[in-house]
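I would like the entire structure built from these sequences, with the hints used as guidance.
Just so you know, the sequences run in chain order Y and H.
Note that my numbering has the first sequence beginning at 1, numbered continuously upward.
Note that my numbering has the second sequence beginning at 393, numbered continuously upward.
Among the hints, a few may not be true.
Said to hold, decoys possible - Listed next, the in silico DSS-like pairs over lysine-lysine satisfying Cα-Cα at most 27 Å (straight line): (1) Y/K11 <-> H/K739; (2) H/K408 <-> H/K424; (3) H/K599 <-> Y/K207; (4) Y/K87 <-> Y/K41; (5) H/K403 <-> Y/K27; (6) Y/K11 <-> H/K403; (7) H/K693 <-> Y/K16; (8) H/K403 <-> Y/K207; (9) H/K433 <-> H/K408; (10) H/K599 <-> Y/K16; (11) H/K693 <-> Y/K11; (12) Y/K20 <-> Y/K32; (13) H/K419 <-> Y/K301.
To be verified - On the chain Y side, residues computed to face chain H include the following (Cβ under 10 Å): (14) G17; (15) E83; (16) L84; (17) N165; (18) N166; (19) D167; (20) V168; (21) Q188; (22) T211; (23) G230; (24) M233.
By construction, these hints were calculated from the structure, which means they are not laboratory data.
We put the CB at the ideal spot given by N, CA and C, even for glycine.
Here is how the chains run, residue by residue.
Protein chains: 2
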Amino acid sequence: MQNFEYYAPTKVVFGKGTQKQTGELVKSCGGKKVLVHYGSKSAKKSGLLDEILESLEGAGLSWVTLGGVVPNPRLSKVYEGIELCRKEGVDFILAVGGGSVIDSAKAIGYGVAEGGDVWDFYSRKRTAVSCLPVGAVLTIAAAGSEMSNSSVITNEDGWLKRGYNNDVCRCRFAIMNPELTYTLPAYQTACGCVDIMMHTMERYFTKETHTQMTDGIGEALLRTVMHNAGILMEEPENYNARAEVMWAGSLSHNGLTGCGTEGDWACHQLEHELGGMFDVAHGAGLAAIWGSWARYVYREKPERFAQFAVNVCGAPNDFSDPEATALEGIRAMERFYHSIGMPVSLKELGVNPTEEQIREMAHKCGFMGKRTVGAFKVLKEEDMAKIYRLAR
Amino acid sequence: MQNFEYYAPTKVVFGKGTQKQTGELVKSCGGKKVLVHYGSKSAKKSGLLDEILESLEGAGLSWVTLGGVVPNPRLSKVYEGIELCRKEGVDFILAVGGGSVIDSAKAIGYGVAEGGDVWDFYSRKRTAVSCLPVGAVLTIAAAGSEMSNSSVITNEDGWLKRGYNNDVCRCRFAIMNPELTYTLPAYQTACGCVDIMMHTMERYFTKETHTQMTDGIGEALLRTVMHNAGILMEEPENYNARAEVMWAGSLSHNGLTGCGTEGDWACHQLEHELGGMFDVAHGAGLAAIWGSWARYVYREKPERFAQFAVNVCGAPNDFSDPEATALEGIRAMERFYHSIGMPVSLKELGVNPTEEQIREMAHKCGFMGKRTVGAFKVLKEEDMAKIYRLAR
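Right, here's the structure in full:
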């Protein structure tokens, strides 16, 4: 087991009707003037936004609103938010939405608190030491941003999608009412489940040994998401299934599933470039690339994939042949992806990159030759290109 | 699944050599004048205290020390600490030890920040809204106080042992170096493992349904502690086993294993009275009472005990007879207790209460007829007496 730090200070308020506590929670964090940040019209149409504004009003708070955050949230919207916050004297940012909205809120928070160009943090030119306090009312279980220290923003100038991790941006509170996710389409629900699972799987595939507690949590989380994702394909308004997935989504990315291990994150990096070039849904992109990544790397430590096969996928353990068990686990996971309508290849994802595009994605993913990705197996640019090719 | 709140803001710094970061961590919390609170001479003798004072000095901090905290920490020591903090202008309390020292530190923190008689909080006369910041360097894996919101203090006037739970007392940081627990005797190690397991089991035995994520974490945690407790009986200096138990100890009592369920806590309440009357080790007292509690209550929902038997104890599932499976799980857990030298009866605990003493413990446990305990099965005073009798 490696040394580790674990820090997840977000106060979670989970369950039915909890959005009514928004005003009091903002107030308890010292907020007086709130930026209510949201995405599509659905928060407005569903009445959620009204309910939240009412709650803020009830707590004696004032606010301004800024909607229109899109998936793969844009830097231009972040700039707009920073300017609005400065003009209006905002001291608290409330994100109403999923990962994109929360990530955008965190970026605005950095920008307001730190000054200068907020992109500097995402391009590694500066390190943030402060962030305006952010809270979240979660409406999509997927990104885990409500408890994570990460934020991913896309700069339209060059379509660069870059993440920045810093504890100062962690949400003060996260309100999670599973009912708010009832109306998500099946495809988005499935994408969310894959994203949640990948946040654990990126940490689970490690060469580190003696991580029994962390392994056990990760395996339980993966089994929980798989089981309930299946239910949700047939019963989108099953409260308990929505609740299991939502809670798993937060735990998957708050650090808990990586305590004592070294994360891999190659699939996320590979998918970022896919998303940047083809604007595919993040979860679907991850599903499309994972099997090819797994087959490319599993020989580094087949017994780890065998453990995954048995403890997560319920595959029988062929004790005499860990490699066979490992491969059966990869196939089982792909069958699971199919069962919830997720792709296991770029073709199924609806993407057909040319050889030139593959080379470009690999080149960008490797920061123009400046970095490798992955830890379970360290991948160079040529490895990345091979995995993209395998995934076609 | 029930609505729940989850809030565990403690920053965990886990692994070898982490005690060297003490000074910087106190400083990052704004501490300038530190009360270093500790228990027995072992922290002094082992050189840990010197190492910590050196680290404080390196960070430019000043300090006073207060040792002598005993198991079942005393109110008189808390009063002494409060007076010392006031006199010396202490602004941060560093607990170096296990649950007793951390609980005492939290009580001192309430007393300094709130004024008045600190026992008022433990006797439910007042509610605290503030607490001097507390940090911990953990030397015993057991109580989970390093991440919990609870503190248990014994008032020598009447030997009343009372707990008080409040989020404001949660540790700002917890430094956990498993090496610091190498020298714990086997008996204390085993007691700690039982205490850790019971913090999860008190939450696990619930009539609530649809708690798959929480169940999975709890079951993984229990399996992890059982496996590694066995290792530690033979290899007290096995780093990874110490690490698994230590991390499980924090997760077991920080709220994670009870999300969405209703806790029972009857065994803890029953043991508090045993501890009050006979001053037995908390973990051993819990082990001695648990089997009798379990046999007294399991018929309320045998299938929950059957799940425990199969998923935690590895018992075969007799699908046709959940009661038989449940009972086999209880027996298996008792065999496990025996395997690490823990008692499964009061006799084995070395305690032989008279009928009068049993009635007195039950009467005190029921707050002189003013409360019931338990939730899986609600226990009245007469039930408590029956369980004590069964446990003889």
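Okay, the hints, checked on the actual structure:
1. Y/K11 <-> H/K739: Answer violated: Y/K11 to H/K739 is near 44 Å, above 27 Å.
2. H/K408 <-> H/K424: The given pair, whose Cα atoms are some 26 Å apart, holds under the 27 Å limit.
3. H/K599 <-> Y/K207: With a Cα-Cα distance of about 39 Å, the restraint between H/K599 and Y/K207 is violated, given a limit of 27 Å.
4. Y/K87 <-> Y/K41: Between Y/K87 and Y/K41 the Cα gap is close to 25 Å, so the pair holds against 27 Å.
5. H/K403 <-> Y/K27: holds, 24 Å
6. Y/K11 <-> H/K403: holds, 14 Å
7. H/K693 <-> Y/K16: holds, 26 Å
8. H/K403 <-> Y/K207: holds, 26 Å
9. H/K433 <-> H/K408: holds, 22 Å
10. H/K599 <-> Y/K16: Between H/K599 and Y/K16 the Cα gap is close to 19 Å, so the pair holds against 27 Å.
11. H/K693 <-> Y/K11: Roughly 32 Å between the alpha carbons, so the hint for H/K693 and Y/K11 is violated.
12. Y/K20 <-> Y/K32: The hint holds at about 17 Å.
13. H/K419 <-> Y/K301: Roughly 42 Å separates the two Cα atoms, so the pair is violated.
14. G17: With a minimum Cβ separation of about 8 Å from chain H (threshold 10 Å), the hint on Y/G17 holds.
15. E83: violated, 32 Å
16. L84: Hint violated; Y/L84 Cβ to chain H Cβ min 30 Å, cut 10 Å.
17. N165: Interface hint status for Y/N165: violated (15 Å vs cutoff 10 Å).
18. N166: This hint is violated: Y/N166 lies away from chain H, its Cβ roughly 14 Å from the closest one there, beyond 10 Å.
19. D167: holds, 9 Å
20. V168: violated, 12 Å
21. Q188: violated, 21 Å
22. T211: holds, 8 Å
23. G230: Given a least distance of 12 Å, the restraint on Y/G230 is violated.
24. M233: violated, 17 Å
Hint violations for this structure: numbers 1, 3, 11, 13, 15, 16, 17, 18, 20, 21, 23, 24, all remaining hints satisfied.
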